[in-house]
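Visitor: Its first residue numbered 1, the sequence shown is counted upward by one per residue in my numbering.
Treat each hint with caution, since some may be false.
To be verified - What follows is a list of derived Cβ distance ranges for each label pair:
1. Glu104 to Met49: 15 to 23 Å
2. Arg224 to Phe143: 20 to 28 Å
3. Trp147 to Val114: 34 to 42 Å
4. Val34 to Pro106: 13 to 21 Å
5. Asn223 to Trp147: 35 to 43 Å
6. Ser109 to Asp157: 33 to 41 Å
Just so you know, the hints here were simulated from the structure itself, not pulled from any lab data. For every residue, glycine included, the Cβ atom is placed at its ideal position computed from N, Cα and C.
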Amino acid sequence: MTRPSPFLALERFLHDQLVIPVVLSSLLGVAFFVGRALWSGHFWHFFLMWNLFLAWIPYVCALAMAALHDRRAAAWQYVIPSLVWLLFFPNAAYLVTDLANLGEFPPVSFWYDVAFFATMAWTGLLLAVASLQIVQRMVKESFGVIWSWIVVMVVIDLNGVGIYLGRFLRWNSWDVFTDPLPVLQDALTPFLHPIAYRQPVAIMIVFSALLFVCYVSVLALQNRRA
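With the hints as constraints, model all of the structure from the sequences given.
Guide: See the structure below:
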């Protein structure tokens, strides 16, 4: 059986991993930040660049796991990249919550910042969708379609929990290692007392629903093209 040409393999890689839209969206966000800095003479909103960096971590981990999967690596080799991927996954869609910082910051036009923040939010969602698709594809090939969708739904639900812990309780992904018990307590409390913690539960549901709709929408567009 003939092997596919390197160009066809590259095209499939770029398509399957959503590399081009992810890179273009990220570059546009960086360009907006640089333009804003030149316009204002200040590095305001640099936190968006830091959050973009954190959002890329799960995507890179997913690509690393895909490389391991392609070469039939041993199960233990997935442990570190999969744990890092899961812990940092909420950082991607977390960029949507940075819209809360949108406001009037002269001399930069408010509408410039609208485009800037919208680009960052979109990029975060795209990174989340792309990395989750990579993981689902691997699970599907190894364990079947049902388990792949179970993983998707569990991760999307955990994403809502992670965004709540990060945005409202100000926990970081690495705090799971440095301060695990308080993080676990804060994550479980809303579910143990859902009436008293209606707002946190609602926030988790909202962001899980947002990512789910984005995920199935991108998947539907890809299937239509195929």
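Visitor: Look at each hint and say if it fits the structure.
Guide: Hint-by-hint comparison with the structure:
1. Glu104 to Met49: 15 to 23 Å: Check passed, 21 Å falls within 15 to 23 Å.
2. Arg224 to Phe143: 20 to 28 Å: 26 Å, holds
3. Trp147 to Val114: 34 to 42 Å: Holds - the Cβ-Cβ distance for Trp147 and Val114, about 41 Å, lies within 34 to 42 Å.
4. Val34 to Pro106: 13 to 21 Å: The hint (13 to 21 Å, Cβ to Cβ) holds, given that Val34 and Pro106 are roughly 19 Å apart.
5. Asn223 to Trp147: 35 to 43 Å: About 20 Å separates the Cβ atoms of Asn223 and Trp147, which means 35 to 43 Å is violated.
6. Ser109 to Asp157: 33 to 41 Å: 38 Å, holds
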